[in-house]
Amino acid sequence: MEEKFILSVSPHLKTKEDVPRVMLDVIIALIPASLAAVYFFRWYALRTILVCLIFAPLAEWVSEKIMKRKNTIDDLSAVVTGLLLALTLPPTLPPWIAAIGVIVAIVLGKAFFGGLGWNPFNPALVGRAVLVACWPVEMTTWIKPVTSRVLQAVTTATPLNIVKEKLVEEILPTHLELFLGNRAGSLGETSVLALLIGGIYLLYRRQITWHIPLSYLGVVALSSFLLKIDVLFQLFTGGLILGAFFMATDYVTSPLTRKGQIIFGLLCGLMTMLIRLKGGFPEGVCYSILIVNMLTPTIDKLTVPKKFGARSRMFTNK
Amino acid sequence: MESLTKKIVDYIFRLVLLCAIASAALAWVYVETKPRIDLEEQKMLLAARQEVLPQAEKFEEESFIEKTSTITYIQGYAENGEPVGKIAETRKRGYAAPIKVLVGVDETNKITKVKILDEMETPGLGARIKEAKFLNQFPGKTIEELKLKKDKGTIDAVTGATISSRATIEAVKEGLNKFSGAGKREVSKK
Amino acid sequence: MNNSNKRSWRDDFAFGILKGNPVLVLMIGLCPTLAVSVTLFNAVGMSIAVAFVLIGSNLMVSAIRKFTPSELRIPIFIIVICTFVTIADYLLKAYSPTLSQKLGVFVPLIVVNCIIIGRAEAFAYTNTVFSSLLDGIGGSIGFFLVISVIALIREFFGNGGIGEKIILNKPALIMILPPGGFITIGTLMGLMNYWNRRKKTRMSTN
Numbered sequence: 001m002e003e004k005f006i007l008s009v010s011p012h013l014k015t016k017e018d019v020p021r022v023m024l025d026v027i028i029a030l031i032p033a034s035l036a037a038v039y040f041f042r043w044y045a046l047r048t049i050l051v052c053l054i055f056a057p058l059a060e061w062v063s064e065k066i067m068k069r070k071n072t073i074d075d076l077s078a079v080v081t082g083l084l085l086a087l088t089l090p091p092t093l094p095p096w097i098a099a100i101g102v103i104v105a106i107v108l109g110k111a112f113f114g115g116l117g118w119n120p121f122n123p124a125l126v127g128r129a130v131l132v133a134c135w136p137v138e139m140t141t142w143i144k145p146v147t148s149r150v151l152q153a154v155t156t157a158t159p160l161n162i163v164k165e166k167l168v169e170e171i172l173p174t175h176l177e178l179f180l181g182n183r184a185g186s187l188g189e190t191s192v193l194a195l196l197i198g199g200i201y202l203l204y205r206r207q208i209t210w211h212i213p214l215s216y217l218g219v220v221a222l223s224s225f226l227l228k229i230d231v232l233f234q235l236f237t238g239g240l241i242l243g244a245f246f247m248a249t250d251y252v253t254s255p256l257t258r259k260g261q262i263i264f265g266l267l268c269g270l271m272t273m274l275i276r277l278k279g280g281f282p283e284g285v286c287y288s289i290l291i292v293n294m295l296t297p298t299i300d301k302l303t304v305p306k307k308f309g310a311r312s313r314m315f316t317n318k
Numbered sequence: 001m002e003s004l005t006k007k008i009v010d011y012i013f014r015l016v017l018l019c020a021i022a023s024a025a026l027a028w029v030y031v032e033t034k035p036r037i038d039l040e041e042q043k044m045l046l047a048a049r050q051e052v053l054p055q056a057e058k059f060e061e062e063s064f065i066e067k068t069s070t071i072t073y074i075q076g077y078a079e080n081g082e083p084v085g086k087i088a089e090t091r092k093r094g095y096a097a098p099i100k101v102l103v104g105v106d107e108t109n110k111i112t113k114v115k116i117l118d119e120m121e122t123p124g125l126g127a128r129i130k131e132a133k134f135l136n137q138f139p140g141k142t143i144e145e146l147k148l149k150k151d152k153g154t155i156d157a158v159t160g161a162t163i164s165s166r167a168t169i170e171a172v173k174e175g176l177n178k179f180s181g182a183g184k185r186e187v188s189k190k
Numbered sequence: 001m002n003n004s005n006k007r008s009w010r011d012d013f014a015f016g017i018l019k020g021n022p023v024l025v026l027m028i029g030l031c032p033t034l035a036v037s038v039t040l041f042n043a044v045g046m047s048i049a050v051a052f053v054l055i056g057s058n059l060m061v062s063a064i065r066k067f068t069p070s071e072l073r074i075p076i077f078i079i080v081i082c083t084f085v086t087i088a089d090y091l092l093k094a095y096s097p098t099l100s101q102k103l104g105v106f107v108p109l110i111v112v113n114c115i116i117i118g119r120a121e122a123f124a125y126t127n128t129v130f131s132s133l134l135d136g137i138g139g140s141i142g143f144f145l146v147i148s149v150i151a152l153i154r155e156f157f158g159n160g161g162i163g164e165k166i167i168l169n170k171p172a173l174i175m176i177l178p179p180g181g182f183i184t185i186g187t188l189m190g191l192m193n194y195w196n197r198r199k200k201t202r203m204s205t206n
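Protein chains in written order, with the numbering used here: chain U, 1 to 318; chain Z, 1 to 190; chain S, 1 to 206.
For the record, the hints were derived by calculation from the structure and aren't laboratory data. Using N, Cα and C, we set each Cβ at its ideal position, and we do this for glycine too. Wrong hints could be hidden among the right ones.
To be verified - Beta-carbon label-pair distances, calculated as ranges:
1. Val62(U) - Gly140(Z): 55 to 63 Å
2. Phe113(U) - Asn177(Z): 49 to 57 Å
3. Glu61(Z) - His175(U): 54 to 62 Å
4. Ile167(S) - Thr108(Z): 43 to 51 Å
5. Gly153(Z) - Val62(U): 46 to 54 Å
6. Pro75(S) - Leu214(U): 58 to 66 Å
Stated by the list, open to error - Here are the simulated lysine-lysine pairs, DSSO-like style, with alpha carbons at most 27 Å apart:
7. Lys278(U) - Lys100(Z)
8. Lys93(S) - Lys130(Z)
9. Lys7(Z) - Lys43(Z)
10. Lys130(Z) - Lys149(Z)
11. Lys68(U) - Lys200(S)
12. Lys133(Z) - Lys165(S)
13. Lys149(Z) - Lys144(U)
14. Lys165(S) - Lys115(Z)
15. Lys133(Z) - Lys113(Z)
16. Lys150(Z) - Lys278(U)
17. Lys102(S) - Lys133(Z)
18. Lys164(U) - Lys149(Z)
19. Lys166(U) - Lys141(Z)
From just these sequences and the hints, can you work out the full model?
Right, dumping it as structure tokens:
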């Protein structure tokens, strides 16, 4: 009986699109940011990205073997998770910590919940959150970009750190430096330019829609404008662009409807600004997306589209 | 109706009886353990005070009035009754909750030792303000030097825990400020 | 099931250890388990305190069960449990002040620990003093085993070693933070369920 009827949630449309193609597009979209990471952080970036790319499919394969599930490495989702996680890690992070992070992301973030499609939280962000809680010192040690002249790692603070902790000796980078990526930060979050190229590619390929990124970035921009703080600084720093285009738009953990996606983006933006301005951490993109992930089922429930021809619920209830 | 009243009376009687027995048992245990509990508490208090003011043997709570507020502190005496230093207990909001600090100073108002009494900072990060590496920077410092190196002072912050380190320094400063000129004022013993 | 005639004293004793393990199977008393299982020292101290209260209250409740009308049983259980908890608290403060300081508020909170009132209500109130004693001992051992295993895992990975002995020099801090407790206990519950299910399918195929 079970094999005859396939039950699955909507959408039921049939196209040539399948999971590997979607994931491949995401990987292509992440290539500019990865290249920028390698350009700015050289060996450090290469090392971390390689470790994550190797251990993510490995962890998926082993956990599926143990749990006797269908093997799903060829859908490329583990590779995407690994790459996304790598891009959120600080450059000097020891490789073994990155490996643990990727294993946690795949096993705890995805396999424990039943595999791809069942995970309530973005696996890469679960991995990052666990790493921050495990090794806070290593996860908050940042270096200046390695230019051709200075090959040695110089520790420094991220722009958001400088603002949060009122560090007098550090100099804030200019907007152009922030945009190009010449500043301290996680591997993939520094170059806004590279991230935007990837984001536009995803929009062009229609793998994501504008709803989540635009509402997310919009709230951050609007609230910083209303609070009279530097709008561009808030937009370009931290993992905001990476989060808005690549993390918050994850199919599994974001709402299905357009209206729901806009609500999702708005909430993410509000949480991010709250954490940045009022919270203990300098950056809040990771936690805000994880927290709003939890609300996704509720948002989906509240924004169920009305059936064609049906009258709005307010009247039918009466 | 009558049976209900009877039932209520019966229930009240049972509960009262049980409570009485329980209270009697508790009273007995209390009387038996109270002296030991007090002794242990005093031992702990003395140990903490002696840690920040090693040269003192006896401690007394004293206070003086500055402007309108009463400032209390603990005065330490050597064995021969000579005053050797003071201890202040201060608290400042840290990362998670107030950090409670015990600051010991000698008679010239120089820091002898700083001890963290209570904190709820992140283990492994902010909680490392309890480590000797951080706390040993305090003895002998003047109030002007009590600043993080990042803030152009002389204290190295605990790695990754600027907020906790700053809060500790602020608490120590507050303790020091209490004593600035304490010797000149009228001191009342408690 | 509890009142079937075939039940022997062994069943009373063994119930709380595996089949009816308070934490992993009945899922009661989770709050202190999560909060105290940060170090093995605390976990052992906590299980001693819980064992004292659980055995004491089981004995007392079953001894006075004829004196306890069913409408009054909850207040009476609470009086009995409170008395034992307060005694445990005084004794700890007097004879082991370090342990008492480390366990802090969780000793008085044994009052609201569901293991105690759960066993009083589900077992001691309807069983003999001897059975209740065995049930109390079994439950205490079950609690001790689980909280110690959790504490062992959490302290080893979160602190780098047990007690003063440090093996890992860069421990995973999350394990001694609340999330580590949830992850450990959830994983253990999963393993326990897996194990039980496999046992069941094996029994049905035989």
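Compare the structure with the hints numbered earlier in the document and write down the numbers of the violated ones, lowest to highest. 9
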